[in-house]
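Asker: Build out the structure end to end from the sequences listed, making use of the hints.
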Amino acid sequence: MAILDVTNLSISFGGLRAVDNFNISIEEGALYGLIGPNGAGKTTVFNLLTGVYKPNEGHIILDGKDITGKKTIEINKEGIARTFQNIRLFKELTVQENVMVGLHNEITYPTLAGILKLPSYRRAEKEMREKSIELLKVFDLDQEADTLASNLPYGKQRKLEIARALATNPKLLLLDEPAAGMNPNETLELMNTIQFVRDQFKMTILLIEHDMKLVSGICSKLTVLNFGQVLCQGDTEEVLNNPEVVKAYLGE
Amino acid sequence: MKTEKKKTGTLFTANTKQLMITYGMVIVVYLICEICILTGVMSNQMKGLLVPLCYYVIMAVSLNLTVGILGELSLGHAGFSCVGLFVGATFSVSMKDVITVPYLRFFLAILIGALAAGVIGLLIGIPVLRLRGDYLAIVTLAVCEIIKNVVNVIYLGKDSAGLHISTKDTASLNLEETGTVIIKGPQGVSGMPSDANFTIGIILILITLFIVLNLIHSRDGRAIMAIRDNLIAAESVGINITKYKLMAFSVSAALAGAAGAFYGHNYQTINATTNSFGYNMSIMILVFVVLGGLGNIRGSMIAAVILTLLPELLRDLSEYRLLIYSIILIGMMLLNWSPKAIEWKKGLAAKLSGKRQAMKEKKPSAKEVQ
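Protein sequences, first through last, are from chains A and B. The opening position of the first sequence corresponds to residue 1 in the working numbering, with each subsequent residue numbered one higher. The opening position of the second sequence corresponds to residue 1001 in the working numbering, with each subsequent residue numbered one higher.
Hints are computed from structural coordinates only; laboratory data are not their basis. These numbers were taken from a predicted model, which means no experiment stands behind them. Hints may be right or wrong, so weigh each one.
Below, in silico cross-link-like pairs of lysine-lysine (BS3-like), each with a Cα-Cα straight-line distance of 25 Å or less [said to hold, decoys possible]:
no.: 1; chain 1: A; residue 1: LYS131; chain 2: A; residue 2: LYS202
no.: 2; chain 1: A; residue 1: LYS156; chain 2: A; residue 2: LYS91
no.: 3; chain 1: A; residue 1: LYS91; chain 2: B; residue 2: LYS1168
no.: 4; chain 1: A; residue 1: LYS91; chain 2: B; residue 2: LYS1096
no.: 5; chain 1: B; residue 1: LYS1243; chain 2: A; residue 2: LYS54
no.: 6; chain 1: A; residue 1: LYS202; chain 2: A; residue 2: LYS137
no.: 7; chain 1: A; residue 1: LYS126; chain 2: A; residue 2: LYS77
no.: 8; chain 1: A; residue 1: LYS77; chain 2: A; residue 2: LYS202
no.: 9; chain 1: B; residue 1: LYS1243; chain 2: A; residue 2: LYS71
no.: 10; chain 1: A; residue 1: LYS65; chain 2: A; residue 2: LYS117
no.: 11; chain 1: A; residue 1: LYS171; chain 2: A; residue 2: LYS70
no.: 12; chain 1: A; residue 1: LYS54; chain 2: A; residue 2: LYS71
no.: 13; chain 1: B; residue 1: LYS1017; chain 2: A; residue 2: LYS117
no.: 14; chain 1: A; residue 1: LYS117; chain 2: B; residue 2: LYS1243
no.: 15; chain 1: A; residue 1: LYS70; chain 2: A; residue 2: LYS54
no.: 16; chain 1: B; residue 1: LYS1017; chain 2: B; residue 2: LYS1345
no.: 17; chain 1: B; residue 1: LYS1243; chain 2: A; residue 2: LYS91
no.: 18; chain 1: A; residue 1: LYS117; chain 2: A; residue 2: LYS131
no.: 19; chain 1: A; residue 1: LYS70; chain 2: B; residue 2: LYS1243
no.: 20; chain 1: A; residue 1: LYS77; chain 2: A; residue 2: LYS131
no.: 21; chain 1: A; residue 1: LYS202; chain 2: A; residue 2: LYS213
no.: 22; chain 1: B; residue 1: LYS1351; chain 2: B; residue 2: LYS1340
no.: 23; chain 1: A; residue 1: LYS77; chain 2: A; residue 2: LYS91
no.: 24; chain 1: B; residue 1: LYS1345; chain 2: A; residue 2: LYS91
no.: 25; chain 1: A; residue 1: LYS77; chain 2: B; residue 2: LYS1243
no.: 26; chain 1: B; residue 1: LYS1346; chain 2: A; residue 2: LYS91
no.: 27; chain 1: B; residue 1: LYS1340; chain 2: A; residue 2: LYS131
no.: 28; chain 1: B; residue 1: LYS1017; chain 2: A; residue 2: LYS126
Answerer: Here's what the structure looks like:
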């Protein structure tokens, strides 16, 4: 069963049709890749899926529910979490606090309980601390729990962003160039982590990536975008050998 | 496993320890002041400063919630304290004969002043918090001036038929002969019971600290700081931006209102002049917050105390007063923000804690050997 069904999604900025008639269907538990040259509209697709932009046309169905045109926070509550191409962490908070912000809607207590430090506050905070450490362990960040997020090295900042997104307990995880700026070793490690996350949390993952080694290594299916339109869609092997795709990337 | 458990444990107690130091500081200062008063060391001039001092401390702490924790520049903080003052004062004057227990009446006046300022903060926050940065600063500045000017044209009186309000003059209130005028336009409120004293001020500071610090260390506080650090990311993890911005802004306004109501009760007559409730005051409070360190609650308290006392202590130097004041301002800023000074302070702190550790253990610990 498809967890995400997108039909005829389109958006224009002025005269530019940034995403034109985009269709995608992602099976539950899949690791799906979205690739294409720079400026093809990949991040715009992510922004449409997460409600940052409202589509001009088309529908987004998540797990049988129409979420088209909803606000970002509602879409997050419905079960889509994301990371960003240019890392967006809460820099002045610690690593653990970053993940605890991700748990904001998962573990709750009233404001007044927090101000008066009632037992419900202590219980919920303890649960949040334990859960966040658990998540940090998956990404091997638990030793840095008390470090300020801005003091982490680049590769770990990317991992922390994924941990924070996972904390919101999503059905679908969108990763925007998770391997950008990583060296080959870090990329390899990240590939393992992404696969581990998919298996461990039974997550569906859609990722944008330029690193073809990563894409061909872990994605089972691909969609190629070019000038806002779907150029090609299907199994990874087929797509990467498609002459059209090669042309779009390398030119004639 | 063991190390992790210890880690979360120490984090939690470190937090509590910091809270205790902050509360302890206030109580120690209070005790020292009380001893000085009892032994007669403190001059009358200093005694007169104690209540304003408490007022400035509460104002600085509450503004830090908006500027340091939420990360939005507000230049209208004095306006909210003005609302609190006049609403609280109106309550006190009109209830003077009804509630005769002075502390209960004062407590209610502060509460009502805080509520009124909080509601005004909420109403203003809804449209204004859509703006960011410079624009928000300009609008809050304007709001503050509007509040001050509105207060200056209000005439409010009371008689057996209830409250009368007018914007013209005392005569147009049409009061009965037994009625009293509470707010007399530019002349302000008169006939207020002077209930405020240093002890109540300290209690109010502790309550303010309790609310602000506990809010910061809760789930809601983290959400507010997440918005400050990255709005788009905060939204992407499901944080309601509007709700938390309004929460921080209106709590900050309500605390300013409580401070205002408290401050007003130090005088029998008080009016809203530019100096006490205009942008001058707002900017002075902002100076406390910035010099004390954005987001640093303890720092803004210390800055408020030093910068309020300084002009008084320097009074003997007459014309050099402002010169020295500004030099100290620059010095404090450098000490707080220059990278070298920060490094030096860190080194000093490490040295001190290292010494303490060594004294405690006497034998070198494994860490030090390494």
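Asker: Does each hint hold? Answer for all of them.
Answerer: Do the hints match the structure? See the list:
Distance hint between LYS131(A) and LYS202(A) is fulfilled; the C-alpha atoms sit about 17 Å from each other, no more than 25 Å. A C-alpha spacing of about 13 Å is found between LYS156(A) and LYS91(A), which places the hinted pair at or below 25 Å, so the restraint holds. Using a Cα cut-off of 25 Å, the hinted pair LYS91(A) and LYS1168(B) is violated, with the two alpha carbons roughly 53 Å apart. For the hint linking LYS91(A) to LYS1096(B), the alpha-carbon distance of about 52 Å lies beyond 25 Å, and the restraint is violated.
Our distance criterion of 25 Å between C-alpha atoms is met by LYS1243(B) and LYS54(A), whose separation comes to about 22 Å. Restraint check for LYS202(A) and LYS137(A): satisfied, since their Cα atoms lie roughly 17 Å apart, inside the 25 Å limit. A distance of roughly 23 Å separates the Cα atoms of LYS126(A) and LYS77(A); the hinted pair therefore holds under the 25 Å criterion. As the CA atoms of LYS77(A) and LYS202(A) are separated by approximately 18 Å, the hinted pair is consistent with the 25 Å bound.
Annotation: proposed proximity of LYS1243(B) to LYS71(A) holds, straight-line Cα distance about 14 Å (limit 25 Å). Distance check on the hinted pair: LYS65(A) and LYS117(A) sit about 38 Å apart at the alpha-carbon level, beyond 25 Å; violated. At roughly 17 Å between alpha-carbon atoms, LYS171(A) and LYS70(A) fall within 25 Å of each other, so this suggested pair holds. In summary, the hint linking LYS54(A) to LYS71(A) is supported, as the alpha carbons are separated by about 9 Å, within the 25 Å threshold.
Of the pairs offered as hints, the one joining LYS1017(B) and LYS117(A) holds, with about 15 Å between alpha carbons and a cut-off of 25 Å not exceeded. For the hint pairing LYS117(A) with LYS1243(B), the CA-to-CA distance comes to about 21 Å; that is within 25 Å, so the pair holds. Of the supplied pair hints, the one linking LYS70(A) and LYS54(A) holds, its CA atoms being roughly 8 Å apart against a limit of 25 Å. Between LYS1017(B) and LYS1345(B) the CA atoms are separated by roughly 20 Å; this keeps the pair inside 25 Å, and the hint holds.
A threshold of 25 Å between alpha carbons decides the hint, and for LYS1243(B) with LYS91(A) the separation of about 22 Å falls inside it, so the pair holds. In summary, the hint linking LYS117(A) to LYS131(A) is supported, as the alpha carbons are separated by about 20 Å, within the 25 Å threshold. For the hint pairing LYS70(A) with LYS1243(B), the CA-to-CA distance comes to about 18 Å; that is within 25 Å, so the pair holds. Taken as a hint, the LYS77(A) and LYS131(A) pair is honoured in the structure, with Cα atoms around 18 Å apart against an allowance of 25 Å.
Of the pairs offered as hints, the one joining LYS202(A) and LYS213(A) holds, with about 23 Å between alpha carbons and a cut-off of 25 Å not exceeded. A distance of roughly 16 Å separates the Cα atoms of LYS1351(B) and LYS1340(B); the hinted pair therefore holds under the 25 Å criterion. About 24 Å separates the Cα atoms of LYS77(A) and LYS91(A), which keeps this hinted pair within 25 Å; it holds. Between LYS1345(B) and LYS91(A) the alpha-carbon distance is near 22 Å, which keeps this suggested pair within the 25 Å criterion.
Proximity of LYS77(A) to LYS1243(B) is assessed by CA-CA distance (about 16 Å); at most 25 Å being required, the pair is judged to hold. Taken as a hint, the LYS1346(B) and LYS91(A) pair is honoured in the structure, with Cα atoms around 20 Å apart against an allowance of 25 Å. For the given pair, LYS1340(B) sits about 39 Å from LYS131(A) by alpha-carbon distance, which is inconsistent with the 25 Å threshold. The suggested pairing of LYS1017(B) with LYS126(A) holds, with an alpha-carbon distance near 18 Å, which does not exceed 25 Å.
Going down the numbered hints, you'll see the structure goes against 3, 4, 10, 27, while the others check out.
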